[in-house]
Amino acid sequence: MIEQNTKNCEKSILQLRHSLMQSLKAVDQEIISRLNKSIPLINDIGKHLINASGKRLRPLLTLAMAAQFNDNSKKPILLAAAVEFIHTATLLHDDVVDESILRRGKKTANIIWGNEFSVLAGDFLFAQSFELMVETESIEALSSLASASCKITQGEFQQMQIANKPETSIANYLEVIGKKTAELFGASCKSGVIISEGNVEQQNAAYDYGFNLGLAFQIVDDLMDFNNLPNKMGKNLGDDFKLGKTTLPVILAWQKSNPKEKQFWVRTLKELNQEPNDFNNAIDIFNKYNIFNECKKKTEEFISISIKTLKKLPDTEIKNHLIGLA
Numbered sequence: 230m231i232e233q234n235t236k237n238c239e240k241s242i243l244q245l246r247h248s249l250m251q252s253l254k255a256v257d258q259e260i261i262s263r264l265n266k267s268i269p270l271i272n273d274i275g276k277h278l279i280n281a282s283g284k285r286l287r288p289l290l291t292l293a294m295a296a297q298f299n300d301n302s303k304k305p306i307l308l309a310a311a312v313e314f315i316h317t318a319t320l321l322h323d324d325v326v327d328e329s330i331l332r333r334g335k336k337t338a339n340i341i342w343g344n345e346f347s348v349l350a351g352d353f354l355f356a357q358s359f360e361l362m363v364e365t366e367s368i369e370a371l372s373s374l375a376s377a378s379c380k381i382t383q384g385e386f387q388q389m390q391i392a393n394k395p396e397t398s399i400a401n402y403l404e405v406i407g408k409k410t411a412e413l414f415g416a417s418c419k420s421g422v423i424i425s426e427g428n429v430e431q432q433n434a435a436y437d438y439g440f441n442l443g444l445a446f447q448i449v450d451d452l453m454d455f456n457n458l459p460n461k462m463g464k465n466l467g468d469d470f471k472l473g474k475t476t477l478p479v480i481l482a483w484q485k486s487n488p489k490e491k492q493f494w495v496r497t498l499k500e501l502n503q504e505p506n507d508f509n510n511a512i513d514i515f516n517k518y519n520i521f522n523e524c525k526k527k528t529e530e531f532i533s534i535s536i537k538t539l540k541k542l543p544d545t546e547i548k549n550h551l552i553g554l555a
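All residue numbers for the sequence shown refer to this note's numbering, where the first residue is 230 and numbers rise by one.
If you're looking for bench data, these hints aren't it; they were derived computationally from the structure.
There's no promise every hint is true.
Quick list of in silico lysine to aspartate or glutamate cross-link-like pairs, EDC-like style, CA-CA up to 16 Å [claimed, not checked]:
| no. | residue 1 | residue 2 |
| --- | --- | --- |
| 1 | K541 | D437 |
| 2 | K527 | D450 |
| 3 | K517 | E490 |
| 4 | K394 | E500 |
| 5 | K471 | E500 |
| 6 | K474 | D507 |
| 7 | K303 | E366 |
| 8 | K304 | E369 |
| 9 | K548 | D300 |
| 10 | K485 | E396 |
| 11 | K284 | D257 |
| 12 | K474 | D437 |
| 13 | K474 | D327 |
| 14 | K485 | D513 |
| 15 | K471 | E328 |
| 16 | K304 | E259 |
| 17 | K336 | D273 |
| 18 | K485 | E523 |
| 19 | K304 | E396 |
Please read all numbers here as calculations on a predicted model, not as lab measurements.
Could you build the full structure based on these sequences and the hints that come with them?
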């Protein structure tokens, strides 16, 4: 079932990309143009991460939402480029904070150029994103993405505060990933509708679609740290575990664990005193309590909400692809 859902999602993304091919090319051209105008080192760092980018999901969502309202102007292009710059900036900063060495199978910018240059390049991309947003001449779209940018940083702070704390509540975890990940998904969608002059109800529906999609996306991403192969995820298996990150599988496992197992979580995650076989032991505990299925159920709740919100948006082929993507 999971494999089939993955294939359906990938098919929908391909269909979306095909439908929006010209717009996506224009976004890439806009990104390259902006980077070419910067100093050479920023250009190198920016292109390194942009070229290593995955499916351009967030700008794709912006373009898709605008396309539902037949907006063929340059404004959605500028907005989608801004969204990608915001996302890329957060990745640069994330990799410095997490001391990551790989992203999508390639060396991270901080490993190649060092932390100082990576942080400054991230700052440049953030600033560039706001310049792009201003050019759309939409204060509402600017407000939506500016708010998301603030919340992303808040989420990063809160994620650090719950690190090494498996006893964290699910509510607190959801608040963190809501700000850190889901907000940009929501704002990417909402701003696409704003720029295309959709009404307030449609703007809010687009935000809810993206936000709930983002929550599901992050839970799956957290699961993949324990349940996938390094060459498929683009990072080392078990990175989050080694750093003691507090994610949904860890929280659920802590809640179900017996006293001996809780001692294991204290040693490995709170104290970061890890032994070679501890990662496999953690997976054994997950399997014992059916944690992967528990997480899957949670993602399905958010996906269900996400799809329902689309009822308020125009009935188009793009909308069908968005349902499939979710």
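Here's how the hints hold up against the structure:
In summary, the hint linking K541 to D437 is supported, as the alpha carbons are separated by about 11 Å, within the 16 Å threshold. Straight-line distance between C-alpha atoms of K527 and D450 comes to about 13 Å, which keeps the hinted pair within the 16 Å bound. Restraint check for K517 and E490: the C-alpha separation of about 11 Å stays at or below 16 Å, so the hint holds. Restraint check for K394 and E500: satisfied, since their Cα atoms lie roughly 10 Å apart, inside the 16 Å limit.
A distance of roughly 11 Å separates the Cα atoms of K471 and E500; the hinted pair therefore holds under the 16 Å criterion. Among the hinted pairs, K474 with D507 is consistent with the structure: their alpha-carbon atoms are about 15 Å apart, no more than 16 Å. With a C-alpha separation of about 11 Å, the suggested pair K303 and E366 falls inside the 16 Å cut-off, and the hint holds. Between the alpha carbons of K304 and E369 the distance comes to roughly 13 Å, so the proposed pair stays at or under 16 Å and holds.
With a C-alpha separation of about 15 Å, the suggested pairing of K548 with D300 holds against the 16 Å cut-off. With a C-alpha separation of about 11 Å, the suggested pairing of K485 with E396 holds against the 16 Å cut-off. Our distance criterion of 16 Å between C-alpha atoms is met by K284 and D257, whose separation comes to about 12 Å. Between K474 and D437, the direct Cα distance comes to roughly 27 Å. Violation of the 16 Å bound is thereby established for this hinted pair.
Between K474 and D327, the direct Cα distance comes to roughly 10 Å. Compliance with the 16 Å bound is thereby established for this hinted pair. Our distance criterion of 16 Å between C-alpha atoms is met by K485 and D513, whose separation comes to about 13 Å. Restraint check for K471 and E328: satisfied, since their Cα atoms lie roughly 12 Å apart, inside the 16 Å limit. For the suggested pair K304 and E259, the alpha carbons sit about 12 Å apart, so the restraint of at most 16 Å is met.
At most 16 Å may separate the alpha-carbon atoms for a hinted pair to count; K336 and D273 meet this at roughly 14 Å. The suggested pairing of K485 with E523 holds, with an alpha-carbon distance near 12 Å, which does not exceed 16 Å. Between K304 and E396 the alpha-carbon distance is near 45 Å, which puts this suggested pair outside the 16 Å criterion.
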